[in-house]
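Those sequence lines, one after another, are chains A and B.
By the count of the numbering used here, the first sequence reaches residue 116 at its end, each step adding exactly one.
By the count of the numbering used here, the second sequence reaches residue 116 at its end, each step adding exactly one.
Read the hints as simulated data drawn from the structure, not as lab findings.
Fair warning: this is a prediction, and the values are worked out from it, not measured in the lab.
We put the CB at the ideal spot given by N, CA and C, even for glycine.
Please note that a few of the clues may not be correct.
[Claimed, not checked] DSSO-like mimics (lysine-lysine), calculated; alpha carbons at most 30 Å apart, straight line:
1. Lys103/B x Lys83/A
2. Lys49/B x Lys71/A
3. Lys103/B x Lys70/A
4. Lys14/A x Lys83/A
5. Lys69/B x Lys103/B
6. Lys115/B x Lys103/B
7. Lys9/A x Lys68/B
8. Lys9/A x Lys83/A
9. Lys49/B x Lys69/B
10. Lys68/B x Lys58/B
11. Lys9/A x Lys70/A
12. Lys49/B x Lys103/B
13. Lys68/B x Lys103/B
14. Lys115/B x Lys57/A
15. Lys115/B x Lys58/B
16. Lys9/A x Lys57/A
17. Lys103/B x Lys58/B
18. Lys70/A x Lys57/A
19. Lys71/A x Lys69/B
20. Lys57/A x Lys71/A
21. Lys103/B x Lys57/A
22. Lys9/A x Lys69/B
23. Lys9/A x Lys71/A
24. Lys57/A x Lys83/A
[Stated by the list, open to error] Across the chosen pairs, the derived CB separations fall in these ranges:
25. Gly3/A x Thr55/B: 26 to 32 Å
26. Asn53/A x Ala17/B: 21 to 27 Å
27. Asn41/B x Gln17/A: 18 to 24 Å
28. Pro40/B x Arg13/A: 43 to 49 Å
29. Gly16/B x Phe12/A: 27 to 33 Å
30. Gln56/A x Ala17/B: 39 to 45 Å
31. Ile60/B x Lys14/A: 39 to 45 Å
32. His82/B x Thr114/A: 41 to 47 Å
33. Thr20/A x Gly16/B: 45 to 51 Å
34. Thr79/A x His10/B: 30 to 36 Å
35. Gln17/A x Lys68/B: 24 to 30 Å
36. Asn18/A x Ile97/B: 27 to 33 Å
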Amino acid sequence: DGGITQSPKYLFRKEGQNVTLSCEQNLNHDAMYWYRQDPGQGLRLIYYSQIVNDFQKGDIAEGYSVSREKKESFPLTVTSAQKNPTAFYLCASTALAGQPFTGELFFGEGSRLTVL
Amino acid sequence: AQSVTQLGSHVSVSEGALVLLRCNYSSSVPPYLFWYVQYPNQGLQLLLKYTTGATLVKGINGFEAEFKKSETSFHLTKPSAHMSDAAEYFCAVSHSIITGGFKTIFGAGTRLFVKA
Numbered sequence: 001d002g003g004i005t006q007s008p009k010y011l012f013r014k015e016g017q018n019v020t021l022s023c024e025q026n027l028n029h030d031a032m033y034w035y036r037q038d039p040g041q042g043l044r045l046i047y048y049s050q051i052v053n054d055f056q057k058g059d060i061a062e063g064y065s066v067s068r069e070k071k072e073s074f075p076l077t078v079t080s081a082q083k084n085p086t087a088f089y090l091c092a093s094t095a096l097a098g099q100p101f102t103g104e105l106f107f108g109e110g111s112r113l114t115v116l
Numbered sequence: 001a002q003s004v005t006q007l008g009s010h011v012s013v014s015e016g017a018l019v020l021l022r023c024n025y026s027s028s029v030p031p032y033l034f035w036y037v038q039y040p041n042q043g044l045q046l047l048l049k050y051t052t053g054a055t056l057v058k059g060i061n062g063f064e065a066e067f068k069k070s071e072t073s074f075h076l077t078k079p080s081a082h083m084s085d086a087a088e089y090f091c092a093v094s095h096s097i098i099t100g101g102f103k104t105i106f107g108a109g110t111r112l113f114v115k116a
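Looking at chain A on its own, in the form it has when it is part of the complex (with noise of 0.2 Å):
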């Protein structure tokens, strides 16, 4: 079946620890996001992809890192540099042409992040 795929589910890292979340997708969408997800504060965008090797910082970029080599896959590294990085982290995706424009996204399982 089609879909998004994040892994791993659950992740400890020490302090200073640099960390890489997967997102692979085979639904053949242009686009994908990464959105934080924090208690009672809804989805915050960390960056955005709409093409390959080409991505945008979202409203939270500080101290993350993301590349796009491949239409299926978008990683997104957690750095040391991010100053509260314990949270749910989500990826998302949508198609951007071939069908009505809408912006419905499909997301992953969700990958949880805790810093020790």
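Assemble the complex: chain A is given as a structure, and chain B must be docked to it using the hints.
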């Protein structure tokens, strides 16, 4: 700027009672509006969406929402709550951006509790 306000971070209803989750938005252009549901430690799933046309939209699991432009509202309802409806619900608005894609803004979420 677009924004979404969900009234009430927690709503509690009895099984079989009406569910009403409130959402107000602001948008400088005709909006695409969405309700998503999230179960614990999972990603978000689309419940329903409004793009154009009929202002009363029906979604999965018996939910529906009505777009009221004059009130800038998109409240979610279900006539009879079921225990399985207990989850967190997010209202969202998407809008186009200069680079040709779009961004989605989420409300803070409303957690629905269903009492037996």
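Problem - Index of numbered hints that the structure contradicts, given in increasing order - result: As far as the earlier hints go, 6, 7, 14, 19, 22, 26, 28, 29, 32, 35 are violated by this structure, in ascending order.
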